[in-house]
Each structure stands twice: as structure tokens, then as C-alpha cells.
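Visitor: Here is how the chains run, residue by residue.
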Amino acid sequence: MDLVFDVIFYIFTFLAVYVQIFLFITFLENRKNIGNNKEEIKLVKYPAVTVIVPCWNEEQGVHKTIRSLFNLNYPKEKLKIILVDDGSTDNTWGVISKYAKYPNVRVFHKENGGKYTALNLGLEHTDTEFLGCLDADSTADKQALVRLMHFFEKVPELMAVTPSLIVDNPRNIVERAQKAEYYMGVYVKKMLGFLGAIQVTPGPLTIFRKKVFDDLGPYFHAHNTEDMEIAYRMQKHYYPIEQCLDAFVYTNTPSSIGKLFKQRLRWIYGFINNSIDYRSILFRKKYGNFSVFTVPSNILAMAASTYIFGRVIWEAVSFISSKVLQYKTVGINLTASANNIDFFFINTQSSFFLGIFVIFLVILSLSIGYRLAKGKGVVSPDLIYFFFIFSFIAPFWLMKAVYNTALSRRPSWR
Amino acid sequence: MHQNPIDWKKYLIVFLFTIGIFMVAIYLSNYFGEKKISELKSIQDNIALDILSSETQFSLLSELSCKNISSSVLSGELGEMGQKLEWGEKNLGNTTEVLYLRKYYSLLEIKDYLLIKNISKRCGTDYAFILYFYTTAENCSECERQGIVLSTLRDKYPTLRVYSFDYSTALSAVEAMLKIYKIEDTKLPAVVLDDEVLTGFQSLEKLDAKIKKSFGLEEIIPKEEATGQNQTTNDKSSTENAKPITE
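Keeping their order, the protein sequence lines are chains A and B. Following the working numbering, the numbering of the first sequence begins with 12 at its first residue and continues without gaps. Following the working numbering, the numbering of the second sequence begins with 4 at its first residue and continues without gaps.
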């Protein structure tokens, strides 16, 4: 039985190393094309863009979000803002309706129907060639939109461009762990962009050509992950998505383990169920790297982290039970010799070296993420929080998402 | 819109890279594994040399007084070897080399045991030793507990020699030991103390009392406890370890 567990462990480790090296080689191939532009960009032509802000009980943060849109260095007459109150029960409507006085702002109120319905209402009132959404918990950097639009100017066939998401003002360990994760996400997303294999077009300020929705239809409920489903749909129809490294959007992240658990449960549940819904495009070479690399490596990450976590727990339980057995048999043994610090007893199995290598690769991705986003490669203590929180808690939301899928239970938004 | 082509060559190159990394990990693991095995071999060689030397010394001095045989004739590395071998069996796997080392170790234990028996017989000295029979062929939770008790006793009495034998070792000398003491696999673990065969799990208290009674050993006192006690106690325990064999 041990042999079976070992074989599974090595297969997972092999695939995990494979995925990391694949991304790293993609990085090396494209490193000359990666520029973090610090200078202000001027476009030849400034196309009109609509940004939809869906709100549900966001009276606290929405003001900051809207102000960040007003501060964008994009011509005011070319930027239209649609604020949609999706049946909030707090004073969100009172806050956003005050913005109706601005000529480029339109404000709507509707009954609560979920984020995708708010987005679709905005879509119905969009008449510009480009559009995006900005979640009410995020703020856009001044340069973000012009940089995103610069991509469309450089590569006219692009259908969507996603920004780099950065955790806004992390205050505690949970948020700092996510800060590290988001930096790594910047790197992974950029590499997937090079591979033409991005699987999420995040709510905070991904800019689309309106043609995407004209051709492919509006947002769907999509298991509460409409920003993932639209990316799957675009990949299915070969609509290219890119990632813009230096367009920063600052987002608020869950501040407690409980909230993080709920958010990730929704994301993973969405991933599993969207992947089931789009199973016909998986492992099919005609759908490119998205089909044979992105989705399989996400499935692998889920399976491997759950398995390795299970194994670590098993080892810990065995260790504790051997100590309990020892205690039960001989009590607390004060005379036990503590002189076992001998090189001989250090584990030198191949799994040990591979484990170290995988950790090295994760640190490498994080440091590349930092470098890409901030222009310098610094590994901060956030990395420790990241390892700690994500290694111990992620397997639980993964397992819960699988469990919910098996029982067809939908996780709620909040 | 057009298809996004897949660069299969890249997939293959990454595959080869990953294979390469695995090869390096396996190479490193083998390298250190072999180093550990050669460390075990070298300890065994030392033990073999010690035993041979003691046997020779014993033969040479057979006509002389027992006063000339000191306790240093006994190899001190047998216990360390046992620990490392046990760890090796768990972590390096039961390879042919490890199995060979286990057999060789059993043989050295028997030789050491015979040597002290001979010295005891001729010089009339009581050596504190325990024979311990266990099995790894089947799940024996009692053996695991017995092992813990014996390790504790060994820590408590550094001069106590514990000779452990795996029932399933396919070695005629071990089989002979099993026959001599009439050890059956259904009654494992078994402990032989002062020629008395005790089958089944034996508690720490019971064995401790028997050791004290049979061999008159004194336990070493942990440093924390010893601090603050009078000097005599420390002297006593330190002389215990280097006590010469007397007639």
C-alpha cells in the first residue's frame, strides 16, 4: 500500500515540477518582451470606454472606487461610467445616486439578482466599442486604463486585456498572505497570457471589446463566477485575452480566514463547475494551451495539494500516536538520550530533494511576480504567511468545493 | 478568430527537463543512501574488529588472571549500530544491502553475546544483558511497545546490553538462538533475562525490577536531576560505567 501512495506522490510531484518549469521556460522565452512601463503612455487614438460598477451593499467602499475612475488619466468625454445598485439593503443607492449629476455617469437601481444581472444591465446600456467592469471593492491606478487600452492599440485583434491585481493596503496576516499570492498571480497570469491560455478575466477592470458580448452573449450566472465563465467562453471561440503587467488595480481582499474560505470556496466551486460545463473543450489540442495546460494544471494543483496535505496529516498523526504510545508505555522518559543530532538520521530520500525543489520554484515564481509588478525582485515575509495559510487551509476549501459539487450545493457570494 | 497553436516541442523539452530534475533527485538520494550504508558497514567492521580483538585477547589471556580483562573489551558501538540499522530499514527501504546488514548485525550480536557469556563463565562476572526477540513479518504492536521499553532501559542503564533479533531473519545462527530459548512466533515479543524466557509484553516496571535484582545495576541520573545532589552520587554513576571486571 505504501508503494501505491509513493507512486501517487511522485506522479503529483512530477506534474507540479513540470507546470512550474513550463511557466519558467515561458518566462525565459519572453523575458525581453516583458517591460514594466513606468512612463506615461499616450495613445494615438482614445477610443470610448464604458466602465460598469456593480454594487451590492457597498456604501462604504464604492465612493473610493468611483473616485479612482474619475482620476484615471483618460479623456473624460471618452470614459463613461455606469453605476448599478443591485438591490442593496444599505445606503449604496443614496451614495451612488449623487453621481448622477456628472454627464459621463449613469446610475441604475434594480432588484437584487446577482452580480451578473447587474453587469448585464450595464451591458444593455453600453454603446462604446470597449467596456469593462470595476468591482466596488477595488480601485484603479491612474494609469491603468490607458495602459490596458495601449494593448488594444498595439494588437488590434485582442478581445480582452486583464490588469495586474494588487492587494490594497494589507493589514493582517491573512491579507498579507494574499498579497504574496496575488504577486505570484501576476506572474502566472502574464505567462498564461503569452501562452494564450488565460482562464479568468477578473471583475476588477478587465477591458473587453464590446464585440465579445455582441457575438457571444451576455454574462451568465456561471456558478457565481461569471468572470471565469466568460473567459472559458472566449477561449472556446478563440477570442484572444492578454495580460497587461503595468496596469494596476488595487483590490480589497478577505480580511479573515472565514471570509477567505468563503471566497475561495466560491472560486474553486466555480472552477470545477465551469470546467464540467466546458468539458468538451478540455484536453483538445484545437483549443490550445488553455485546454491542455491551464485547466489541467489547475485540476492538478487541486488534487496534488489535497493529497499532499492528507499525507502530511497522516504523517503527523503517526508521529503523535507513536509519541502517545511511548508515553503510555514508559511515561515521560527523562533519561532518553537527546544526542540524535547525527547526519545519518537526516532524511535524504528523493522526495526530500524534490520537496525542496518545489518550494524553491514557488519562491522563484513569487520573486518573479514581485519583479514584474514592482520592478524589483524582493521576497518578503508575506511568503511565510502565504505558505502557512494556503498549505493548511486551501485543502479544506478544495475538498468542500468537491463535496458541494457532488451534492450540487451552490456556495453563496458572501 | 483563429486557433491558438500548441508548441509541442516545448512540452517535450519541459518533460525532459523535469525528468532531468528527477534523475538528479534520485541520484542525490542514492548517493546519500549509499553513504549511509557505507557508514553502517564501517560501524559493523569496527564492531567485528572489536569482537575479534576481544576474542583474541580472551584466548591470549586465558591462562592469566581475569583482572587483566577490562570492560573496554566490549564493543560500544553495538547500540548505535542497532539504532541506525533500524532507521535505515524504515527509510532506506529493505534493499538487499540493508537485509544483508541486518543479518550481519544479528551475527555480530550473537558473537558479542557468546563472548560475554564466556568471560562471565570463566571470570564469574555478571554482565547485564537482555535477549529480545520480535518480528517484522507481521504487524506486532506489542513488539513496538516492547522496543520502547527496552530503549528506555538502555538509556537508563548504559552498561545494559540488549541483543535484539528479528524472528524472520533467515539466518541459521538466529534460528539456533530461537531453538535454544524455544521462542515461538506466536508468543512474540519475547525477552530473555537472566536465562528466564518472558513471553508477551513486559512492562518497564517489571523489567526494571528484574534488572536491578539480577544484575544490581544502578541507573544513570539525568543531568537536571543530578544538579544539586551530592558529589558521591555522580562519582558512583561514573565509576559504574568503567567498572573493571573482577574475579
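Note that these hints are calculated values from the structure, not bench results. One should not assume that every hint holds.
As the list claims (entries may be wrong) - 27 Å max Cα-Cα, derived DSSO-like pairs, lysine-lysine:
1. A:K334 / B:K12
2. A:K43 / B:K13
3. A:K339 / B:K209
4. B:K87 / A:K43
5. A:K297 / B:K93
6. B:K93 / A:K334
7. A:K296 / B:K12
8. B:K13 / A:K339
9. A:K43 / A:K89
10. B:K12 / A:K247
11. B:K93 / B:K38
12. B:K120 / B:K216
13. A:K334 / B:K190
14. B:K13 / A:K296
15. A:K43 / A:K75
16. A:K75 / A:K297
17. A:K109 / A:K153
18. B:K12 / A:K297
19. A:K339 / B:K190
20. A:K339 / B:K93
21. A:K53 / A:K153
22. B:K13 / B:K44
23. B:K120 / B:K106
24. A:K75 / A:K89
25. B:K13 / A:K334
To be verified - Under 7 Å between C-beta atoms, here's a sample of chain B residues computed to sit facing chain A:
26. A28
27. L118
28. L207
Note that CB positions come from ideal geometry on N, CA and C, so glycine has one too.
Visitor: Hint by hint, say whether it matches the structure.
Guide: A quick look at each hint next to the structure:
1. For the hint linking K334 (chain A) to K12 (chain B), the alpha-carbon distance of about 51 Å lies beyond 27 Å, and the restraint is violated.
2. Distance check on the hinted pair: K43 (chain A) and K13 (chain B) sit about 18 Å apart at the alpha-carbon level, within 27 Å; holds.
3. Simply put, K339 (chain A) and K209 (chain B) have alpha-carbon atoms about 15 Å apart, close enough for the 27 Å limit, and the pair holds.
4. Note on K87 (chain B) and K43 (chain A): the hinted pairing is violated, with a Cα-Cα distance of about 53 Å set against a maximum of 27 Å.
5. At most 27 Å may separate the alpha-carbon atoms for a hinted pair to count; K297 (chain A) and K93 (chain B) exceed this at roughly 48 Å.
6. For the given pair, K93 (chain B) sits about 17 Å from K334 (chain A) by alpha-carbon distance, which is consistent with the 27 Å threshold.
7. At most 27 Å may separate the alpha-carbon atoms for a hinted pair to count; K296 (chain A) and K12 (chain B) meet this at roughly 14 Å.
8. Only pairs whose Cα atoms come within 27 Å are accepted, and K13 (chain B) paired with K339 (chain A) is rejected, the gap being roughly 57 Å.
9. Straight-line distance between C-alpha atoms of K43 (chain A) and K89 (chain A) comes to about 33 Å, which puts the hinted pair past the 27 Å bound.
10. Taking the CA atoms of K12 (chain B) and K247 (chain A), the gap is near 23 Å; set against the 27 Å cutoff, the hint holds.
11. With a CA separation close to 16 Å, the supplied pair K93 (chain B) and K38 (chain B) stays within the 27 Å bound.
12. Only pairs whose Cα atoms come within 27 Å are accepted, and K120 (chain B) paired with K216 (chain B) is accepted, the gap being roughly 19 Å.
13. Using a Cα cut-off of 27 Å, the hinted pair K334 (chain A) and K190 (chain B) holds, with the two alpha carbons roughly 25 Å apart.
14. With a C-alpha separation of about 14 Å, the suggested pairing of K13 (chain B) with K296 (chain A) holds against the 27 Å cut-off.
15. Taking the CA atoms of K43 (chain A) and K75 (chain A), the gap is near 36 Å; set against the 27 Å cutoff, the hint is violated.
16. Proximity of K75 (chain A) to K297 (chain A) is assessed by CA-CA distance (about 43 Å); at most 27 Å being required, the pair is judged violated.
17. A threshold of 27 Å between alpha carbons decides the hint, and for K109 (chain A) with K153 (chain A) the separation of about 23 Å falls inside it, so the pair holds.
18. Our distance criterion of 27 Å between C-alpha atoms is met by K12 (chain B) and K297 (chain A), whose separation comes to about 16 Å.
19. Taken as a hint, the K339 (chain A) and K190 (chain B) pair is honoured in the structure, with Cα atoms around 22 Å apart against an allowance of 27 Å.
20. Taking the CA atoms of K339 (chain A) and K93 (chain B), the gap is about 23 Å. The hint holds against a cut of 27 Å.
21. The suggested pairing of K53 (chain A) with K153 (chain A) holds, with an alpha-carbon distance near 13 Å, which does not exceed 27 Å.
22. The straight-line distance between the Cα atoms of K13 (chain B) and K44 (chain B) is roughly 46 Å, outside the 27 Å bound, and the hint therefore fails.
23. Between K120 (chain B) and K106 (chain B) the CA atoms are separated by roughly 21 Å; this keeps the pair inside 27 Å, and the hint holds.
24. Distance restraint check for K75 (chain A) and K89 (chain A): the Cα-Cα separation of roughly 21 Å lies within the 27 Å cut-off, and the hinted pair is therefore satisfied.
25. Between K13 (chain B) and K334 (chain A), the direct Cα distance comes to roughly 49 Å. Violation of the 27 Å bound is thereby established for this hinted pair.
26. With 7 Å as the threshold, the beta carbon of A28 (chain B) comes within range of chain A, its nearest partner Cβ sitting at about 4 Å, so the hint holds.
27. For L118 (chain B), the interface hint is violated, since its Cβ never comes within 7 Å of a Cβ in chain A; the closest pair sits about 25 Å apart.
28. Given hint, L207 (chain B) at the interface with chain A, holds; its Cβ is 5 Å from that chain's nearest Cβ, closer than 7 Å.
Checked against the numbered hints above, the structure breaks hints 1, 4, 5, 8, 9, 15, 16, 22, 25, 27 and satisfies the rest.
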